[in-house]
Every structure is written in C-alpha cells, then in structure tokens.
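Student: Based on the provided sequences and hints, a complete structural model is requested.
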Amino acid sequence: MKIILVDDEQKFVNMLAKRLALRGIEADVAYTGDEAIKKAASTAYDVAVLDIKMPGISGTQLKKKLHSLHPNLKFVFVTGHGAVDKSDEGTAENDIYLSKPMDIEFLIETIEELTQAGEFVPGSLTPQTNGRDL
Amino acid sequence: MNDELNYMNTENLKFFGKVNASISHELKNILAIISETAGFLNDLAELAKQGKELKLSLLESCSNSIVEEIQRGFTTIRQMNRFSHSVDVPVMEVDLMETLELMAGLSGFLSFASHVRIENKDKDIKTISTCPFLLQHLIYQILCFAYESAGPTGEIRLHLSTENDKGILLSFFSSTQMPVERFPDEKIKNISDTLGVEFQTNHSFYELNILIPYTCEKIQGLNYERK
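Going down the list, the protein sequences come from chains A and B.
When the letters of the first sequence are read in order and numbered with numbering that gives the first Met the number 0, they come out as residues 0 to 133.
When the letters of the second sequence are read in order and numbered with numbering that gives the first Met the number 0, they come out as residues 0 to 226.
Treat the hints as calculated values from the structure; they're not laboratory data.
Note that the coordinates shown come from a computational prediction; the quantities given were computed from them, not determined experimentally.
It is possible that part of the hints are untrue.
Each computed PhoX-like pair below joins lysine-lysine, with the alpha-carbon atoms no more than 20 Å apart [as the list claims (entries may be wrong)]:
| # | chain 1 | residue 1 | chain 2 | residue 2 |
| --- | --- | --- | --- | --- |
| 1 | A | 73 | A | 52 |
| 2 | A | 52 | B | 27 |
| 3 | A | 10 | B | 27 |
| 4 | A | 37 | A | 73 |
| 5 | A | 1 | A | 37 |
| 6 | A | 38 | A | 63 |
| 7 | B | 17 | A | 52 |
| 8 | A | 38 | A | 64 |
| 9 | A | 1 | A | 73 |
Tutor: Following this line, the structure appears as structure tokens:
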C-alpha cells in the first residue's frame, strides 16, 4: 500500500505522512500538482489524497492528470472549505471528500474501503518509516 | 438607478461572503495543522508507553509548530476583525497603507494569489476620506485582476504616490503582462465610479494606475454619526 498526499500546506501533509507511517502506511508528499505528477510518473500509488484548492493545478485538475497516468488510482479529496462544489470540472458524484481538520482513523478507514485492503487495525501504531526519522 | 443599486449591493455582498469564506478556509488549514500535530504528540506518547524512546527534539519541534500556527491564526482573526468593522460607517478617514496591507493579506488566501510587495511603506501618505468597505472591495478586485495573469509564481508590487492636490496615485506593477484592454472590467468600474476613482493609462501591459481622491464627494452625504 502506497499513497501520495498532495497539499500546499506543507506542515499539514508532512505531519499526516508521519502519522500514517506510524500506522504502517507509506505516504509520499507533494506540495504542488506538478510535483505530484513527477512523483506519480515513477511510482505506482494506490491512493492519492488531494487538496482541492492549490496554487497552480487544482486538486480536481490534478485528479484527471493522475488518472491518465494510473487508471486504477483511487482518490480522496481533502478540503478546508465548508461545502464542495461538485459541479467543478473533474469532480464526480462518487468522489470522496473529507473536511479539514479530519480524523486520521476515518481517513485510514476510507483508504481501506477504497483499496479493500483491510490490513490496518484502527488505533494501533506499527511504525513503518523505512529508516527515516519521524 | 434601482438596478444599479441592486447590482452594487449584490456585488458587495458577494465580496463580503467571498472574503469570509476564504478566511474560514485559512482558519481550517491552521486548525488542521494543529490537530495533526497534537495527534502526532499523542502517537509519540503512546509509543513511549510501549517503551519506545521519546526524542525531546520532536516534542520541541511540535510545540514550536503549534505556537507558530496559533500566531498565524491570531493574525488571520485580526484581519477578519478589521475587515468586518469596515462596514460600520459609510465614510471615514482611511489609512491607505493599512488598507493595502489588509487587502494584500486577505487576497493572499486565494489559491491563485501572487506574491504582493508593498513599496514605500515608510512614506508619509495622507489619509483619505472615503468609504472604507468600497475602497477595500476595489483594491481586492484589482489585485484579483492582476493575479489572474501573474499567477501564484508571479509578483505584484503596489506603489503609492501623491498626485498634485487631487488625490493619491496607486500603481499595481505586475511581473507578467496583464490583459489591460479588459481593464477596468464592469465590477471595478462600478465601484470606482462610486468612489470617484479615476483610471490613468500609460499604455503598459505591466502597470495599472488609479487615482484615489482625497475626499470622495459622491458618498460624503452618506456620512452619519456613529451610534
């Protein structure tokens, strides 16, 4: 299981990646859509967690580009906005939206449902940092 | 006349809502960072209970991050407060430099915002007598117009200079070409008309200039005693 977190709020994604690593989920981070596309070109991710409003390429535009690279990639949108305009180009009725601040256990449950992984025990910490410092 | 008034009221209300929505977005981002950092501290505590080594440097870095985000939140709330009170009176003495700083800050929450640099901050620029809310609306809309071509990697420089005894010249310099043939658009023109703001063209694709009168004659009649 490998996921990519894309958000221009650098502290937010870095911290989220650390917490996911503690729960056995390997997560790469990207601060822009362009950076995410470069990483996705060389790595097969299972899930992309995308901020909707980002400078440059928006989350919904990024979804289309990542989908063309990896048709099986699953998406979760994260937003600081109260409501999501699903008429935005690139959004679909069955896309999943989570509102900030969010519960990490709920994010993991969502990822599990998307990938049908079922391999993570909620609340359990099994550090998997691949030698990196926390 | 009624149609014009209705249009202006609708546009002003939209602006007020848009700015408030962007502030709530900023605050949610701040809370999300604090929430994840606090969650990470809980994770570290849980690991320590399991006998894992707890690094003090991690605790320090987390607490510093939380303090930084709280400061960011205070700054945002101060901006929100100043913006909200700008509708208290229709006309007042307005410090133009303060207004520029506030609008640069609030428009900076937009995902397509460019970097804004305000020049000659130390210059003694007189205050002007105008409608604070409409002036904010005008500056915000012109910044958005400039952002659309400059984008998040571009820069907009704001420069104030006194222009004879008529008013203050505010210049917006962009790092990239702007579609000046579309300036001012209808929204900007309507607000400018109410404020008595004039446009000065200099045939440059990189520069927009507006002349803000020291006293806005058109709306002076709306002044009233603050209750």
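Student: None of the hints should be skipped; say for each whether it holds.
Tutor: Structure-based check of each hint:
1. A:73 - A:52: 19 Å, holds
2. A:52 - B:27: 13 Å, holds
3. A:10 - B:27: 13 Å, holds
4. A:37 - A:73: Answer holds: residue 37 of chain A to residue 73 of chain A is near 18 Å, not above 20 Å.
5. A:1 - A:37: 16 Å, holds
6. A:38 - A:63: 15 Å, holds
7. B:17 - A:52: 14 Å, holds
8. A:38 - A:64: 12 Å, holds
9. A:1 - A:73: 11 Å, holds
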